[in-house]
Each structure stands twice: as structure tokens, then as C-alpha cells.
Amino acid sequence: MTFRKRPAGGNGPGWTAFRPGLFPEAPLVEIPRHVRTMESARPARAPSARRSGVNGPAVECRGLVKRYPGVLAVDGIDLEVVRGECFGMLGPNGAGKTTTIEMIQGLLRPDGGEVRVLGMTWDRHETDLRQRLGSTLQETRLPEKLSVEEVLTLFRSFYRRGVDVEGVLQAVQLGEKRKAWVGKLSGGQRQRLAVACALVCEPDILFLDEPTTGLDPQSRRQLWGVITEFRGRGGTVMLTTHYMEEAQRLCDRVAIVDRGRIIAQGTPAELIAALGAEHVVEFVAPEGTDLPQEALQALPGVRAVAGADGRIRLTVEHLHLAVPALMRTLESRNIALMELITHHATLEDVFISLTGRHLRDE
Amino acid sequence: MSERRSPLGQLTLWRFREFVREPEALFWVFAFPVLLALALGIAFRNRSLPVARVAVPAEAPGAAQLAATLDGDPRIEATVLDSATAATRLRTGRVALVVHAGDAPVLEYDSTRSESDVAQLLVRDALQRAAGRADVATIRDRRLTEPGARYIDFLIPGLIGLNIMGTGMWGVGFGIVNSRQRKLLKRFLASPMRKRHFLLANIMARMAFLVLEVPVVVLFGRLAFGVPVRGSWLALALLAVVGATTFAGIGLLVASRARTIEGVSGLMNLVMVPMWIFSGVFFAWSNFPDSFEPVIRALPLTALNDALRAVMLEGASLAGTAQWLAVLLAWGLASFFVALRLFRWE
Numbered sequence: 001m002t003f004r005k006r007p008a009g010g011n012g013p014g015w016t017a018f019r020p021g022l023f024p025e026a027p028l029v030e031i032p033r034h035v036r037t038m039e040s041a042r043p044a045r046a047p048s049a050r051r052s053g054v055n056g057p058a059v060e061c062r063g064l065v066k067r068y069p070g071v072l073a074v075d076g077i078d079l080e081v082v083r084g085e086c087f088g089m090l091g092p093n094g095a096g097k098t099t100t101i102e103m104i105q106g107l108l109r110p111d112g113g114e115v116r117v118l119g120m121t122w123d124r125h126e127t128d129l130r131q132r133l134g135s136t137l138q139e140t141r142l143p144e145k146l147s148v149e150e151v152l153t154l155f156r157s158f159y160r161r162g163v164d165v166e167g168v169l170q171a172v173q174l175g176e177k178r179k180a181w182v183g184k185l186s187g188g189q190r191q192r193l194a195v196a197c198a199l200v201c202e203p204d205i206l207f208l209d210e211p212t213t214g215l216d217p218q219s220r221r222q223l224w225g226v227i228t229e230f231r232g233r234g235g236t237v238m239l240t241t242h243y244m245e246e247a248q249r250l251c252d253r254v255a256i257v258d259r260g261r262i263i264a265q266g267t268p269a270e271l272i273a274a275l276g277a278e279h280v281v282e283f284v285a286p287e288g289t290d291l292p293q294e295a296l297q298a299l300p301g302v303r304a305v306a307g308a309d310g311r312i313r314l315t316v317e318h319l320h321l322a323v324p325a326l327m328r329t330l331e332s333r334n335i336a337l338m339e340l341i342t343h344h345a346t347l348e349d350v351f352i353s354l355t356g357r358h359l360r361d362e
Numbered sequence: 363m364s365e366r367r368s369p370l371g372q373l374t375l376w377r378f379r380e381f382v383r384e385p386e387a388l389f390w391v392f393a394f395p396v397l398l399a400l401a402l403g404i405a406f407r408n409r410s411l412p413v414a415r416v417a418v419p420a421e422a423p424g425a426a427q428l429a430a431t432l433d434g435d436p437r438i439e440a441t442v443l444d445s446a447t448a449a450t451r452l453r454t455g456r457v458a459l460v461v462h463a464g465d466a467p468v469l470e471y472d473s474t475r476s477e478s479d480v481a482q483l484l485v486r487d488a489l490q491r492a493a494g495r496a497d498v499a500t501i502r503d504r505r506l507t508e509p510g511a512r513y514i515d516f517l518i519p520g521l522i523g524l525n526i527m528g529t530g531m532w533g534v535g536f537g538i539v540n541s542r543q544r545k546l547l548k549r550f551l552a553s554p555m556r557k558r559h560f561l562l563a564n565i566m567a568r569m570a571f572l573v574l575e576v577p578v579v580v581l582f583g584r585l586a587f588g589v590p591v592r593g594s595w596l597a598l599a600l601l602a603v604v605g606a607t608t609f610a611g612i613g614l615l616v617a618s619r620a621r622t623i624e625g626v627s628g629l630m631n632l633v634m635v636p637m638w639i640f641s642g643v644f645f646a647w648s649n650f651p652d653s654f655e656p657v658i659r660a661l662p663l664t665a666l667n668d669a670l671r672a673v674m675l676e677g678a679s680l681a682g683t684a685q686w687l688a689v690l691l692a693w694g695l696a697s698f699f700v701a702l703r704l705f706r707w708e
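Read top to bottom, the protein sequences are chains A and B.
The opening residue of the first sequence carries number 1 in my numbering; numbering runs sequentially from there.
The opening residue of the second sequence carries number 363 in my numbering; numbering runs sequentially from there.
Where hints are given, some of them may not hold.
Okay, derived cross-link-like pairs now, DSS-like style, lysine-lysine, Cα gap no bigger than 25 Å in a straight line [unchecked claim]:
hint, chain 1, residue 1, chain 2, residue 2
1, B, LYS548, A, LYS184
2, B, LYS557, A, LYS177
3, A, LYS145, B, LYS557
4, B, LYS557, B, LYS545
5, B, LYS545, A, LYS177
6, A, LYS145, A, LYS184
7, B, LYS545, A, LYS145
8, B, LYS545, A, LYS179
9, A, LYS145, A, LYS179
10, A, LYS184, B, LYS557
Just a few of them, taken from the derived set where beta-carbon distance is under 7 Å, the chain A residues facing chain B [unchecked claim]:
hint, residue
11, LEU107
12, ARG130
13, ARG132
14, SER135
15, PRO143
16, LYS145
17, LEU154
18, GLN218
19, SER219
20, TRP224
Pair ranges (Cβ atoms, derived) [what the hints assert, rightly or not]:
hint, chain 1, residue 1, chain 2, residue 2, range
21, B, ILE639, A, GLN170, 52 to 62 Å
22, A, GLY119, B, PRO577, 31 to 41 Å
23, A, ARG124, B, ALA393, 50 to 60 Å
24, A, LEU337, B, THR622, 47 to 57 Å
25, A, TRP181, B, TYR513, 36 to 46 Å
26, B, PRO385, A, MET338, 52 to 62 Å
Derived by calculation from the structure, the hints in this document are not laboratory data.
For clarity, every value in this text was computed on a predicted model and none was experimentally measured.
Cβ atoms here follow ideal geometry from the backbone N, Cα and C, with glycine treated the same way.
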């Protein structure tokens, strides 16, 4: 197998071999663009009808477009969030997730397309809608010199109806910090407070824009707990994330977003199943090694072969067949194995197979 | 279901709390004007005129006699010294003048030094009187030292005006830009908060401070220097409220588009520094050429300072301050409406 430098101007990693997922003629790992799985993806339980009235989708977008000078940030996004589900937009930084979720929340005006939230539009029902949505935005820093309790009381005062501050404090486990100034809170506590500000109105829909970015694993799990609890009460959640684990754990359905478009959509299980195999074997061989793609493709149980960052990735159906066969091939060709990792296929692998790039580029 | 508080009240409390919990802000609002008044009040306090120090070289005959004659005048302090020492002291400014005794005494001094010039007038006068000159015209003195005419009396209303301007503009402008920079304004937009509540809360929190900051300076002036308030307290209070509203409006305008604290700080200084100089805070604006007058009079701080002085020092009634109130209100209303049009929430 020979590596070649990608031509300058490419957006992918510096080194790549071939990326079957991107080519329609590579049938084994191709995921149909826009997997339309809306019906099968509906959560098992009935959509929440906590408040009398419309029972349609919580969020509906058609042909959403947003242009910034020189950039098409959102390039025709269609999506539908069913009541009671948790819907995630997964994609790398700059994919257009934030622009999309802010247009849905009526904070940015779309250049094209249509948004309906709870069956209403921003032009006609802004006042009513604002009363029923909870939101955390990226990078909001709450007033540092107010206490946790004071911030919640402030936000609570904006809403006609809602829950009491005490209840929300307990829900986000900040009861002991009620008198602490926001400036003294840890990152995880601040983020839970931000979610608490969104929960004081007992929203129909909770919008979370990258809720756990930059948090440590424990804080992340605590926040997931808060979100799960909200869903348990029948709430609808729409979130954006670039953590595949978050999307996999929290979301009933996921839209994978890249360069302003949804490139795949479905339940996490469906998206992974579309890879055609559930394991991934990654290994590193010395640079310049002669290892033809065909040799790897021919191994038992291997469904796809791809290379990125100088690593070779095999999508594999049966580990117990593929790994020993890989070892024998390497041995017979006298290739020294430098690193070998296997894991269950994740949404990250789905993203890599679709774009040839990782979700996070750090 | 919980009891809901008033959003306007909560927003005002927020602005108020953030301010009270910021020690630096408290210093600038309360301590700074008092310290400035104290320092300037001491530096420019009215002293009895200094005595003129003169030297008489001992070598010349009649030196002791001459020195005694001069010393007899309470405004002159004459010392007999050897001529070298006298010359040195004159050069270093420790004496204002050297008087050489003789049939026709000689005065040696630098006529460009004002204290030397005063000294030569005093010495001439004393010598002529000693020689028998009599006054031909009768002139009477009326000394002015009562409160109301001193520098500190001029200064205190100016400092109150300066403080109302500074805290109004900073309090409103800084808070708004800070919220914008923190993306807090955007977060509020995602909630049903009413925009006018937000703007009104900034101005109301500002008023709450006014109740504290103006009395602090007025009382300090009164207790430390006996600066009077001759007009009604009600007129003073109303002036302060109108002034604060005006500058809150201007602060809102300055902050309406700025994205960063640095950006708004530059704009604030651009607006305020000229008024520090031209609007008669530390010295009367009449020191500037007449051609500046229409512009200076149109500045909001000039109007506020002139009105404060009229009420505090001259006992003007509220009606008597109408011209200045009109200037302030015009600035305030115009700024507020332009600010509302320009205001950027993100």
C-alpha cells in the first residue's frame, strides 16, 4: 500500500490512502445520503402531549439556508424533531450546527427555508414561543457576581409560568451552591446552572448548544443525568455536539452534519449498522510499507478499508477472523506492526467513513 | 408553580448588585470624588497673604536701621545678612528681594517673579511711609472670605456634576457592553425578557446609586469645608435626577454598538474628556475665548455644572435653572432615542 500526500487545498487529513465511504461505487460501506428513517426512529413511547393543543412535530425545518460573507454556513437543512424525543446534531466545529439551532430558536434569521416550532412560526408567535422554550447557548457567561439562586430568580422572572427555583436547584444538584457566586463555580457547575436557567420555565423543548464542550467526564455525566431526567418528565430535547459518545448516549435520533448539510440521519444504531460491520480495527505500519488495498480487502470479515492520519482502518464484521488473518498477512509480508486497536464501531466511525475526517480535529 | 417576581425589579436588582459587589466601582463612585475634593480643597485653600521675605546686606552703613524700619511693616520680614549669603538666598528664591542700604536704597530683584514684584511694592511703600509720605486719597477694604466665594465652593458642584456624568456613563455603558461581550444579551433574547425592561433596569439601578452618591459629596463639602446649599434640596435632587438620566442616555448611546470593553472605554473617554476640560469642573469655562462659548454652553456637563452652582451657591430656584434643564433634557432624550435605534443585542 502506498501513501500519497493529498493535494494542497484539501480539507481532509494530510495523509490518506483511499476512502471508500466517499465513493458511491464502494458499495460495502456506503451509507445512503439522507437516510430517511423518521418512522422507525420514533421513540417507542407516545410523543409527549403534556400541554393541550397541537400534536405535530416539536421542530420542523425545510430547506434552511444561512449565508455569511464568503461562506454558506447552512446549505439546505431539512429536519424534524418528534415530541418527546432527544434529537442530536453531530458534526465537527464549523459544520453549521450552531447556526442551525440558533435559526430554529429564532435568534438568527434564515436566508432561506422555513422553521416551525411547536407548530408556530417566529414571525407570528414569538412572544408565545419564547415562553415555552428553554435554551443554553454556546459561550454564554452568566453574571459572575450574582449567586446561583439570584441568577435563577432573575431568569424565572421572565416567564409567566414555570417551576420554583428550589426545585430546579435540586434537579441540577446545585442546592448546596445556592449562595455561591457564579464566578466561584467550576465549569461543570456553571454549565448545570445554564441548563437550570433553561429549565425554570418548564419548557416544552430544551435546546442545548454543545452543552458539555470542555467539561471533564464526571461533569459531563452529571449533565447527561439532568437531561435524561428532563426527558423522563416528557420533555423534548434538541442538542448539538461534536462528541459522538454524547450523541450515542443521549439521542434517540442523530443527524450527522458536515459543511452545512445533513449527510446522514437516523438512530445511532441504524447509522452504525449502515457501516455494514460493527467492529473497527485500526493499525499503524511503517511509512512506505508495501501493502496493497486488495490484500486487506480480501481478508475474511473485512468490509471496508480506509486510511487517515497514516493509520489504516478496517471495518470488520468478525474480529476473530479478521485479526488473525491480518496478523498472518503482515507476517508473510514482513511488515512490523507498530500499533493495533480494535473497538466497537461508533458514530465517529460513521462520520469518518462518510467524510474521511475525524469529528474533532485537535 | 412558583410565585413570579417582577422582571423589571429583578433586572434592576441584578444591575444594582453587580455594582455594589464591585469594589473598584464603589471606589470611583464614592471615595474618588471625596478624595479629589479633599486634595484640591487643601491645595487651594485661602491663606492669609504670605509675608515678603527680604534680605539687607550687613556691609552697607545703616543696614540695621533699614532692616528695623522694614520689619515694622507686618507684611515684611527683613533679615540682616552678609552680602554673599544674601545674594545666594535671592538666587535660590529663599528671599524675594535684597535691599541695599544707603542714602538712596537700591532694590535688587527679578521683576518676572511675582513674589519679588509684590515684595518690591511693599518695600517701596514701607520706605516711603517711613520717610514721611502721607496718603492723599481714602480707600476702604471689604474682605471676602465667607463661604460661597472660595475655590472649594466653586469646585464641589463641579465634582458633583463630574461624578454624575462619570457614573452615569460608566454604570450604564460598561454594564451593557459587558453583557454583550459575555453573550448574556443574546441569552436574554432567547428568553421572553422584554427589551425595554432591560434598558429601563439599567437606568433605574443608576438612579438608586444617585440617591447615595450625591449626598456623600454634598455632605462632605459641607462638613469639611462649609460649602453651602443655598437653594432648595428639592431643586438639587431634581437636577441630579435629570442629569443622571441624561448621562445614562448618553451612556446607552455610546454602548449601543460597541462589542468590547476596550472599544467602549475609548468612546467613553472621547465623549467625557473634552467635558472635563471645557465644562467648568475645575476652573470656570469663561477662561476660554468668547468664540468657544456657544459650543461650551451646549455641552450637557456645562449645563449641569452651571445649574448645580446656581442652586448651591446662588440659591437659584428650580424655575431659575430652566435653561440648563432644557439643554440636559434635549441631550438625554435625543441620545435615548438614537440609542434605541442603533442598539445591537448580539
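Cross-check of the supplied hints:
no.	hint	in the structure
1	LYS548(B) x LYS184(A)	holds (23 Å)
2	LYS557(B) x LYS177(A)	violated (30 Å)
3	LYS145(A) x LYS557(B)	holds (22 Å)
4	LYS557(B) x LYS545(B)	holds (15 Å)
5	LYS545(B) x LYS177(A)	holds (23 Å)
6	LYS145(A) x LYS184(A)	holds (9 Å)
7	LYS545(B) x LYS145(A)	holds (16 Å)
8	LYS545(B) x LYS179(A)	holds (23 Å)
9	LYS145(A) x LYS179(A)	holds (11 Å)
10	LYS184(A) x LYS557(B)	violated (29 Å)
11	LEU107	holds (6 Å)
12	ARG130	holds (4 Å)
13	ARG132	violated (9 Å)
14	SER135	holds (4 Å)
15	PRO143	holds (6 Å)
16	LYS145	holds (4 Å)
17	LEU154	holds (5 Å)
18	GLN218	violated (25 Å)
19	SER219	violated (20 Å)
20	TRP224	violated (22 Å)
21	ILE639(B) x GLN170(A): 52 to 62 Å	holds (57 Å)
22	GLY119(A) x PRO577(B): 31 to 41 Å	violated (56 Å)
23	ARG124(A) x ALA393(B): 50 to 60 Å	holds (53 Å)
24	LEU337(A) x THR622(B): 47 to 57 Å	holds (53 Å)
25	TRP181(A) x TYR513(B): 36 to 46 Å	holds (44 Å)
26	PRO385(B) x MET338(A): 52 to 62 Å	holds (58 Å)
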